[in-house]
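Since the structure of chain V is already known, use the hints to place chain F on it.
Here's the letter readout for the chains.
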Amino acid sequence: MSKASCNQDWEAVIGLEVHNQLATDSKLFCGCSVAYGSEPNHHTCPVCLALPGSLPVLNRRAVENAIRAALATHCTVNERSVFARKNYFYPDLPKGYQISQFEEPLATGGWVEIPTDGESGEGEARRIRLTRIHMEEDAGKSIHDAADVTRVDLNRTGVPLIEIVSEPDLRSPEEAGAYLRALREILRYVEVSDADLEKGQFRCDANVSVRRRGESELGTRTELKNLNSFRFVEDAVRAEIERQIEVIEEGGEIRQATLRYDPDRGRIHVMRLKEDAHDYRYFPDPDLIPLAIEAEAVRAARESLPELPEDKRARFQSEYGLSAYDAGQLTASRGLADFFEAAARAHGAPKSVANWVQRDVLAALKEREVELEATAITPEALSMLVKMVDDGRVTARNARPLVAVLVETGGDPEALVQERGLEAVSDTGLLESVADEVIAANPKAVDGFRGGDPKVLNFLMGQVMKKTQGKADPGQVRELLARKLGG
Amino acid sequence: MTAPLGTLTELREALDAGGVSSAELVEQALARGEAQQRRLGALVGTRAEAAREAAAAADARRARGELRSPLDGIPVALKDNISQAGAEVSCGSRILAGYVAPFDATVVERLDAAGAVVVARTNLDEFAMGSSTEHSAHGPTRNPWDPERSPGGSSGGSAAAVAAGIVPLALGSDTGGSIRQPAAFTGITGLKPTYGRVSRYGLVAYASSLDQIGPLAHGAADCAALLDAIAGPDPRDSTSLPTPAPPTLPELTGDVSGLVIGLPREYFVEEGVDPEVLAAVREAVAECERAGAKVREVSLPHARYAIATYYLIATAEASSNLSRFDGVRYGHRAECDGLTELYERTRSEGFGAEVKRRILLGTFVLSAGYYDAYYRKAQQARTLLRADFDAAFAGCDVIATPTAPETAFRIGEKSSDPLRMYLSDVYTVSANLAGLPGVSLPCGFAGGLPVGLQLLGRTLDEATPLRLADAYQRRTEHHRRRPPEAT
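From first to last, the protein sequence lines stand for chains V and F.
Read left to right, the first sequence gives residues 1 to 487 (this note's numbering).
Read left to right, the second sequence gives residues 1 to 487 (this note's numbering).
Just so you know, these hints were derived from the structure itself, not from any lab.
Take these hints with a grain of salt, some might be off.
Listed below are the simulated DMTMM-like cross-link pairs for lysine to aspartate or glutamate, each with C-alpha atoms no more than 25 Å apart in a straight line [to be verified]:
id : chain 1 : residue 1 : chain 2 : residue 2
1  : V       : LYS141    : F       : GLU344
2  : F       : LYS356    : F       : GLU341
3  : V       : LYS86     : F       : ASP372
4  : V       : LYS141    : V       : GLU223
5  : V       : LYS86     : F       : GLU341
6  : V       : LYS141    : F       : GLU335
7  : V       : LYS274    : F       : GLU344
8  : V       : LYS86     : F       : GLU344
9  : F       : LYS356    : V       : ASP276
10 : V       : LYS141    : F       : GLU341
11 : F       : LYS377    : V       : ASP279
12 : F       : LYS356    : V       : ASP92
13 : V       : LYS274    : F       : ASP372
14 : F       : LYS377    : V       : GLU104
15 : V       : LYS274    : F       : GLU341
Which chain F residues stay away from chain V? Per the calculated CB distances, all over 12 Å, these [as the list claims (entries may be wrong)]:
id : residue
16 : THR2
17 : ALA50
18 : ARG282
19 : GLU349
Under 10 Å between C-beta atoms, here's a sample of chain V residues computed to sit facing chain F [what the hints assert, rightly or not]:
id : residue
20 : VAL47
21 : PRO52
22 : TYR88
23 : TYR90
24 : TYR97
25 : TYR282
26 : ILE289
By construction, the Cβ of each residue, glycine as well, lies at the ideal position given by its N, Cα and C atoms.
With the rest of the complex left out, here is chain V:
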């Protein structure tokens, strides 16, 4: 944490507005594809080009997704919501207005749980309240090229978004980051969005103010626009908190403004002051009737929701005896949680499986920079391998590299162990003869041990393990050597 944001005298107050693209095949008000990365202006039609006489028709699938997102964040879905026009001129906004929701949003209330600010992450969760979730269409893309020419790509125009507005409940850049990660995880869990940051499917604006600790009044806030990665959000918010504290401490005043963060230089720029703010002249869109959502539709959507991350975390703790930290790690994505659970059930020793998933599977994924779903490892294979270790049929040392093999190419752990001759040596006669050989070959070490140097035992153990290619159980070897040397 920076010096400013953990300042003893100052407290930061942060609220976030997240624009999240809903997973649909077509745009919010027309049938055009939302496919990313096509030729500019390829996915356009009279409606999203705003040709004269065209009219919007609401995409029902987008509404269903928005309802799921609202329920997954504990919002109340309003029986009636109203689309409104937000009027402003810009070349990538063909109609001259964006269809959004204003006075009557889709959903209100709700919360997202985040781990508390403790470094360990072991603390209990904290609820960040949501003000509202509303639906809206995305604008197109303006591309300003070097020759002072602006080109407009309208493929993104009309892509369905939800805007998720939090209360000013966040108190540090780290909490802002934690909130965004938790929110993204929920949206992906309930499959309403891929929330791919690189494709701009999850974008954030941050409202930031500071006040002296103990004060209840909010300070004047500024708004940071278009923060497109978790790190930028944290960096930008941190920089803005520091800037505000500095301004006030120097006797200045914060002016309400819209700001832009330059991540390359870590600098904040003023886009416009409040006096110059747009008057968007919102009014209900007369081309669309109010959106009526019946209680039955909400009930059905609620029933179709999968278990949410926070519920899964709690259940993993109570059902599998995992710590809060382990449960948090294993529920970081729905795919990982499902994988763990399937492996744990197949094996029957969840804690053991949890260790292997957290330590070895995650490491293998990280090393290869791949998502679990994109690899060959199955929960059955992992559980089989872990079981072999737990049953003493292969040592942990020899099993660990096999996790990487399973991730890479898959396969049957039983066969892999056999092919590679990794089966543990459990033959006591064989171990005894190896131990005798080692003792005979290292008289100096044996003397050292008998002279009271316990480290020597480790050396002798290493020799035995080496001779058995790591296939012997270390505990068994230690016991054997100690007996032979002591006896």
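Structure of chain F alone, referenced to chain V:
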């Protein structure tokens, strides 16, 4: 070849009798249109080639006995704010210069499906904003009864084209009276359907919550036939009503015995209305009584707020609807340096004075600090007005009023006084605000100029006012009178 065309009924009889072909009707319409163009300026363009092909196809269907509808092979004209693939759609504005629509409005598809042949596109007040068809980039349209006078507006081109015998049928659009008032001024019959009865998909929006496309023809029966071809639910227009639209033509039985006509006391006062107009309307109501209808007084206590309410809501919506004309994607683009100048110059050059006036008014009423006082208040007044009509229709089946407070005024007479111009909509705007169907039909002459009677119906009940209008026309000759031919 330049003789006026007859009514739909007459032309269909001639086609059925084999006395004329659709191809001949189309040639006659094209020739008549050209011959009348200098005098009336009713058309902004013809569709000669496409119309000839469509007429030939219709004649072939007739020969095979495969007629699609009562409109098969009949020439029609479209107001130039209705999108048609391959047609220049100008909306009477310079800002759409060179714009060729790539798609058909739903009504155009339905006309095609019915076999009707679109021969021409008709002049209008720019973006349908006006009551005189003087405010067009194509110049004014003149009234066939007296070319020194306005045909009314904004569907003045469609009204003049029917009245002058260029086409037997035309489509117009009505936002505050733009079908009914020109019908009244040119001695023909026009219908604004219930809001949502006819799809607005492809109608270039003026005020989305008020706009409706509707028919203009010589008589109520012909209007009914054209309405039946275009009405009904459309998934591309979210405000189109899901209720099926049963054909109205079979409802025109001539029997109106027991039908109750309500006369709003607020509209039958001598103030602000030409006494000859009021006398003609009273006489028409008396004729309806002689046909078996009953008459009673009703009250619309909030009617006096209708004009103010209308000009707040319509301009608010217009200011947003016309934002898309920005010079970026289509139409006129001014020479400019930079974005702000692009908007300012394109829109300054492209829009006429009346459109600018309404955009400014609408922008103002939606602005922060004024929204509640104007736009929200207007919506509340609109609700009260709807309640007035609900109460009135509890005691009657049709409400009768004059269509306009006067007969056709001179061109230029009101164009310098917008407020006076706005007051000519006093009887018509209520139907748009309440979403009700309204017919205007000729009910006499004052000073040699036609007088219009307006009959309003309940929501979705176009049939009853059409039945009364038809019954009246079976007993009277006003709708058969034609304007004098030029000498």
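Do the hints match the structure? See the list:
1. V:LYS141 - F:GLU344: 22 Å, holds
2. F:LYS356 - F:GLU341: 17 Å, holds
3. V:LYS86 - F:ASP372: 17 Å, holds
4. V:LYS141 - V:GLU223: Answer holds: V:LYS141 to V:GLU223 is near 21 Å, not above 25 Å.
5. V:LYS86 - F:GLU341: Within the cut-off at roughly 22 Å; holds.
6. V:LYS141 - F:GLU335: The given pair, whose Cα atoms are some 23 Å apart, holds under the 25 Å limit.
7. V:LYS274 - F:GLU344: 23 Å, holds
8. V:LYS86 - F:GLU344: 20 Å, holds
9. F:LYS356 - V:ASP276: OK: F:LYS356 and V:ASP276 at ~24 Å, within 25 Å.
10. V:LYS141 - F:GLU341: 21 Å, holds
11. F:LYS377 - V:ASP279: 19 Å, holds
12. F:LYS356 - V:ASP92: 23 Å, holds
13. V:LYS274 - F:ASP372: Holds, at about 22 Å.
14. F:LYS377 - V:GLU104: With a Cα-Cα distance of about 18 Å, the restraint between F:LYS377 and V:GLU104 holds, given a limit of 25 Å.
15. V:LYS274 - F:GLU341: Answer holds: V:LYS274 to F:GLU341 is near 23 Å, not above 25 Å.
16. THR2: At roughly 33 Å from the nearest Cβ of chain V, F:THR2 sits farther out than 12 Å, so the non-interface label holds.
17. ALA50: Non-interface label on F:ALA50 holds, nearest chain V Cβ at 19 Å vs cutoff 12 Å.
18. ARG282: 37 Å, holds
19. GLU349: Consistent with the label, F:GLU349 stays out of reach of chain V, its closest Cβ about 16 Å off (over 12 Å).
20. VAL47: 9 Å, holds
21. PRO52: 4 Å, holds
22. TYR88: 9 Å, holds
23. TYR90: Hint on V:TYR90: holds, closest Cβ of chain F at ~8 Å, below 10 Å.
24. TYR97: 5 Å, holds
25. TYR282: 8 Å, holds
26. ILE289: 6 Å, holds
Violated hints: none; the structure is consistent with every hint.
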